[in-house]
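Take the sequences, apply the hints, and build the full model.
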Amino acid sequence: MPEVLRSIFSVDFVYSALRLTTPVLFAALGSLVADRAGVTNIGLEGIMLFSALTGVLGSAYSGSLFVGMLCGLVTGLFIALIMAYFSLQMKADIILTGVAMNLVATGGTVFILYSICGDKSVSTSLSSLVFPTIEIPLIRDIPVLGDILSGHNLLTYLSLVAVVVVWFFLEKSKPGLRIRSVGENAHAAESVGIHVRRVRYGALLLSGALASFGGMFLSMGMLTYFSKNMTAGRGYIALAAQALGNGSAIGTFFASLVFGCAEALSVSLQGVGLPPQFVQMVPYVATILGLVLYAALRKNTKKRVRKHKRRKRGSP
Amino acid sequence: MSDYILSMEHITKVYPNGFVANRDVSLSVEKGEIHALSGENGAGKSTLMKVLFGEEQPEEGKIFFEGREIHPENSISAIKMGIGMVHQHFMLVPSLTVAENIVLGMEPGRFGYFNKREAFRRASEIIEKYRFSIDPRERVENLPVGDKQKVEILKALYRGAKLLILDEPTAVLTPQETEELFVQMNLLKAQGHTLIFISHKLREIKQICEHITVLRGGRTVGTARVADVTEQEISRMMVGRDVMLEIEKPPAHPGKTVLQVRDLPLSDRPDAPTISFDIREGEILGVAGVEGNGQSELAMSIAGLLPYKTGSIRLKGKELRGLSVRKIRALGLSHISEDRMSYGCAADANIEENLFSTTIYQKKYSRFGLLRGKLLDRRTDELIREYRIKCSEKKEPVRMLSGGNIQKVVVAREFSGNTPMILANQPTRGIDVGATEFIRNKLVDLRTNGAAVLLISADLNEVLEVSDSLLVLSSGGVSAYFADAAQVEEDTLGEYMLGLRQMTAQEIGGAVHEASD
Amino acid sequence: MKHRTKDRPLPTNRQIETRFTLIRTLVAVGIALAGCLILILVVSEEPWDAFVAFLIGPLESGKNIATVFETAAPLVYSGLAVSVMFSCNQFNMAGEGALYIGGLVASAVAVKLSLPIVVHPILALLLGGVAGAVVCAVPGILKIKLGATEIVSSLMLNYIVLYLGVYILNYFLIDPAAGFPATERLPESAQLPTLIPRTHFHVGTILAFVLCAVVYLYLYKSKQGYAIRMVGQNEKFARYSGIGVGGTILSAQLAGGFLAGMGGASEVLGSYTRFQWVALPGYGFDGVIVATLAGNNPLLVPLGALFLGYLRVGADIMSRRSDVATEVLSIVQGTIILLVASKLFLQHIKHKYIVSVAEKRESLAAAAPEAAPEGGEANA
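Protein chains in written order, with the working numbering: chain H, 1 to 316; chain W, 1001 to 1517; chain B, 2001 to 2380.
Among the hints, a few may not be true.
Stated by the list, open to error - Below, computed lysine to aspartate or glutamate pairings styled on DMTMM-like, alpha-carbon distance capped at 20 Å:
| id | chain 1 | residue 1 | chain 2 | residue 2 |
| --- | --- | --- | --- | --- |
| 1 | W | Lys1162 | W | Glu1030 |
| 2 | W | Lys1395 | W | Asp1381 |
| 3 | H | Lys299 | W | Glu1141 |
| 4 | B | Lys2350 | W | Asp1348 |
| 5 | B | Lys2223 | W | Asp1377 |
Simulated from the structure, these hints should not be mistaken for laboratory data.
Printed below as a string of structure tokens:
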């Protein structure tokens, strides 16, 4: 076991935790934006998967990373738009809408992959472009910290920037204010002339855009090709991370980091003699534990708040 | 005409289910006055104001505002015209600050940036202008109710409201908060605003209003200068019987005590007033009063849906605290909930399914774990016939029925179990006259056959005609007990309901027939 | 109480809704297939052949038809499981994991115990069901006790169950001689006998369809089923009526899990010679499609499952005969779910129809007041 401990407290571990946080973080931020507008976006998994594929395809065929990124982004927006149309306009259950999108994504990506590459599992026959890794000049030279913080993929840095941007957007901008008001009390928002449906459309689209970067990181950063079902439930984990993040971008970041660490742990536990299945299980077990813990805590606070309120109301 | 800022003329509003909420109602409000709009629950005040605020479209009638005819299509267009509404249920976003709530929808700032500082400045400005005392930086969820209401008023003012509608604003306030609100209202009046004050609290109307318009049963009873009429006269205008339904009611012969309630608090405040009473076999005890004085808490506690910490409720001698709903019902309680669509029925389920939700577990309805479909079908046919439920078939989803027929399904379920105790909370609210008469007669039949009935109702006709004895609730708790409801004058009842009169504890103690053990 | 005009009875609102639901589902299927055709046109060199293979292929031979039934069987199980859980308004997705673990446990019973025929598969099926019930109960318990959303917890649970299963397979049940991760050959005594030679149409396939009737009785004719549906439709109403809400939710999850688990067991014992699943088979999610198509009605589940099975077999034949991949199917399935779930899809047509019938009813009533049908006004 000391070997495991050593590997956990190593620079590599923290580096890879940050790296593995990236896809979950993007999707969790997407989930956050949708959730603050009062929409549960179960379809993140499907959006990530689709964008992972179209990003690869776009970059491989155009030879331009930017075009690839655009393809992935537009895909994310498009799927989010479909979801918004069916759930907001046609009044389909949002959960079923998400489940449907995820089903389409699992098969649809393989269908497209096969139609284009003739391969049903990986896109290695295409030479996809990859988002570059970036060495940060000054930080690179700081001993331990440099090794942890520098040399990450562009998208990893972008995800960190996205935390700040989403925070700023939700807390400091007019649309953010409206999103929050719609999510919290749609009637109140409506009574002052805010178009609730329009706000939710916007939130879902933004959510799709963020998740699409999470997908592209998987196929154009972490790996260099698309592989079937490569999201492996990260879209769902993101939902849990967002719930644990308690509605704030910063909280969502830390919750995602926990799952990143769980995944990194799962990676570094490989080859220490544990059955690999238990190692693979770690992120999912962590998610359930997180959900349970969060639900239990919230139940407690609610009770306490209620008691507190009663006391408050009682005193004249 | 010119000194009227608002005149609504001959407004008629019929809801899609055929309920006529306003019939030829007129209301004229002078510029710069506080005008009281008053009447019992269901008199049509809210509907009239919804029409004015654009939330409902009238079938007939005209609205003139500042001399021009207007047709408010929705609340937003009403706001633009300068009409503001302070809803009884606040339209606020709890986690946002006071200032954010005030400016929401019209936020300051450029390029999508929300300029919080400017929002605070504007909020402070308007708070100062109208001399409210409230911190614009506080989150709304942390505010006491009175302050939340101020935020609602400020929201309307920020949007340039010249006419403010306050929908029963004092219903949720403590006396001190009420006083504060009145100071504020007078300030607004002094600054040229016009206010419509919906209330049935006579003292308050006397205190701050110039004119009063009273509605009853969807019609205008009249408008008067408040200074010219006494509280008793207003009370008489509001509380009156219009339609006399034919209720055949033989005299009551009360038997043994069925339900015993002792010192049950009427709200969850520590200083809440309590209630004690007994109901005996063959007796209907009515609970009259303006809504929100603890009627819901009383009903939910007896029904086992709201736990109570102090006091006691005994059904046939058995304490109900901690018992499940199933056990309480098995002891012999039937319960008609005031909230028909949330509690009373499953709207998508069919009539038959709705008729057996409380009895399905009984042995006679199933064999080897399977339900006896034929028996259930037969019972359903019987009940549909007996309760005259208008439907096209017994497997019709309940949501397809009219309100009155949905209530008949509820009543058929609750009345057919031969239960010794019936709790009927607003049993005829919002339903047609035919169904109302039917249900009232059923209640009387059941009590004549020995059931104990607790009838909670905001409808005065109902409590007066159906009850044998009567408890009256006002905002301060139980204000009166009448051993014989038939002897009660409407005027007297109105005065007790509105808190103008109060019986002594000893008189109210008449509701308790047995010394508790 | 029923007065009907003699010659042409007007449909009741409920009949209109039922008919309309059918029409809506058919239109949704039509649109999805049309979309599929367009996709095939885009990607295929010989689109027409592909499409014909897709639609006609499954019906070409008796064997293919048998294959449709066989393919539909696990979908029936999982469709039933999802129907029961959704009827209680619980979006529990753990049917996937339950089905997997059911297959695993059943094959463990098959290879580790030696029992006489008949007894052996029955025990395997039952224990598989129990294992599935345990899996589906977990999100239910988390929801009842802590209020944790069942959706995310059940989706995560699926992965945990999968890895746990693969671990058990690799460490306790593996047959090194097989050459890949799989159990020993399932003994004859435990297998569900094949009924049509050269297909996998086996006893479990029949059992699936029989179960539909059983689950229908459970959900619509039993006390507990009634409670499940009432809790699903209006939890407050259930509580007010004295129905134990927590217990009912849990029993729905247990029943759903049992069905899914048994489905996994039946699939493995009837169609496989060894247990060899190292990935989630996906039937659990297919159950959502079937349940959506069937409107959570167990009697309609076979139709939904057979339709899906037909599409599966068709897609399979198409991929063998042409250059179109089977996965085009998932797009068809997704489209169907989206359209069927859309409350407003074709709503205006239905509304118009209801209004016109109501008007007719009224004019009839005006003509002959005493013979008027006692139709309550529709509260649209």
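For each hint, the structure was consulted:
{"no.": "1", "hint": "W:Lys1162 with W:Glu1030", "verdict": "12 Å, holds"}
{"no.": "2", "hint": "W:Lys1395 with W:Asp1381", "verdict": "11 Å, holds"}
{"no.": "3", "hint": "H:Lys299 with W:Glu1141", "verdict": "19 Å, holds"}
{"no.": "4", "hint": "B:Lys2350 with W:Asp1348", "verdict": "17 Å, holds"}
{"no.": "5", "hint": "B:Lys2223 with W:Asp1377", "verdict": "15 Å, holds"}
When the structure is compared with the earlier hints, no violation turns up for any of them.
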